[in-house]
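A.B. asks: If you want the building blocks of each chain, they are given just below.
There are 2 protein chains.
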Amino acid sequence: MTGFDRHPDGPYYAVIFTTKRTGGGDREYGEMAEAMARLSEKQPGYLGIESVRGEDGLGITVSYWRDQASIKAWKALAEHLIAQKSGRERWYQWYNLRIAKVERGYSFKK
Amino acid sequence: MTGFDRHPDGPYYAVIFTTKRTGGGDREYGEMAEAMARLSEKQPGYLGIESVRGEDGLGITVSYWRDQASIKAWKALAEHLIAQKSGRERWYQWYNLRIAKVERGYSFKK
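Read top to bottom, the protein sequences are chains S and P. Heads up, the first sequence is in numbering that gives the first Met the number 0, so the first residue is 0 and it goes up one at a time. Heads up, the second sequence is in numbering that gives the first Met the number 0, so the first residue is 0 and it goes up one at a time.
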């Protein structure tokens, strides 16, 4: 589900993570973000990810999961990883995280 | 809810619109996107919007709504507007649209 993907059948979950980066562009952030993405792909219940960051430092990452249990397991793992790196608060001016149940969807592709 | 915002109480809805732009960067697209954003703000049940487009043409816009009825009314209006402009298919290589019920959320701000 990186980029365009068909929708899986049945209800599934989206984690909408909206963030504003702190200035500076430290190298560790990129490494961390990539490690997290790689790790999430291996998690049970992972369906896909869509992620964009604009030039102004605003970013939206939406990851998709089979159910709430998958998200919970991933969250525990992610927080452990982040704690080892002195915390998310270093990288973001602010963030919003929302967990939402996808009820309907449709796609278009040329 | 442009940029950072607190979460409203109770369940609400997110429309996750993931798009890949066609090349060219026609002026009409920008005008249209802005007109749509202005119009949505005036709709009943509108809570906010978060929108990012990356340099590669991938974009994510998440708009938030009080309930499904608000989304339905907005969708009808938006489609009417788009039809007048010869269609969404002109602007996008592909898109995914998902309607999801936000069940939980948390925020951080420095």
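If you're looking for bench data, these hints aren't it; they were derived computationally from the structure. It cannot be assumed that every hint is accurate.
Each computed DSSO-like pair below joins lysine-lysine, with the alpha-carbon atoms no more than 30 Å apart [claimed, not checked]:
| id | chain 1 | residue 1 | chain 2 | residue 2 |
| --- | --- | --- | --- | --- |
| 1 | S | Lys-71 | P | Lys-41 |
| 2 | P | Lys-100 | P | Lys-19 |
| 3 | P | Lys-109 | S | Lys-108 |
| 4 | P | Lys-74 | S | Lys-74 |
| 5 | S | Lys-100 | P | Lys-100 |
| 6 | S | Lys-100 | P | Lys-109 |
| 7 | S | Lys-100 | S | Lys-19 |
| 8 | S | Lys-108 | P | Lys-19 |
| 9 | S | Lys-109 | S | Lys-74 |
| 10 | P | Lys-41 | P | Lys-74 |
| 11 | S | Lys-74 | P | Lys-41 |
| 12 | S | Lys-109 | P | Lys-108 |
| 13 | P | Lys-71 | P | Lys-100 |
| 14 | S | Lys-108 | S | Lys-41 |
| 15 | P | Lys-100 | S | Lys-19 |
| 16 | S | Lys-19 | P | Lys-74 |
| 17 | S | Lys-108 | P | Lys-108 |
| 18 | P | Lys-71 | P | Lys-109 |
| 19 | P | Lys-71 | P | Lys-19 |
| 20 | S | Lys-109 | P | Lys-109 |
| 21 | P | Lys-71 | S | Lys-109 |
| 22 | S | Lys-71 | P | Lys-109 |
| 23 | S | Lys-109 | P | Lys-74 |
| 24 | P | Lys-19 | S | Lys-109 |
| 25 | S | Lys-41 | P | Lys-41 |
Derived DEER-like restraints, expressed as beta-carbon distance ranges [claimed, not checked]:
| id | chain 1 | residue 1 | chain 2 | residue 2 | range |
| --- | --- | --- | --- | --- | --- |
| 26 | S | Ala-68 | P | Leu-38 | 33 to 43 Å |
| 27 | S | Leu-80 | P | His-79 | 39 to 49 Å |
| 28 | S | Glu-27 | P | Glu-78 | 40 to 50 Å |
| 29 | P | Asp-55 | S | Arg-87 | 38 to 48 Å |
| 30 | P | Gln-83 | S | Glu-27 | 47 to 57 Å |
| 31 | P | Gly-47 | S | Gly-47 | 17 to 27 Å |
| 32 | S | Ala-72 | P | Tyr-28 | 34 to 44 Å |
| 33 | S | Ala-68 | P | Ala-68 | 24 to 34 Å |
| 34 | P | Glu-102 | S | Tyr-105 | 13 to 23 Å |
Being a predicted model, the structure only gives us computed values, none of them experimental. Backbone N, C-alpha and C define an ideal beta-carbon position, used for all residues, glycine too.
A.B. asks: Which numbered hints turn out to be false for this structure?
C.D. replies: Hints 1, 3, 4, 9, 11, 12, 17, 18, 20, 25 and 29 contradicted; others consistent.
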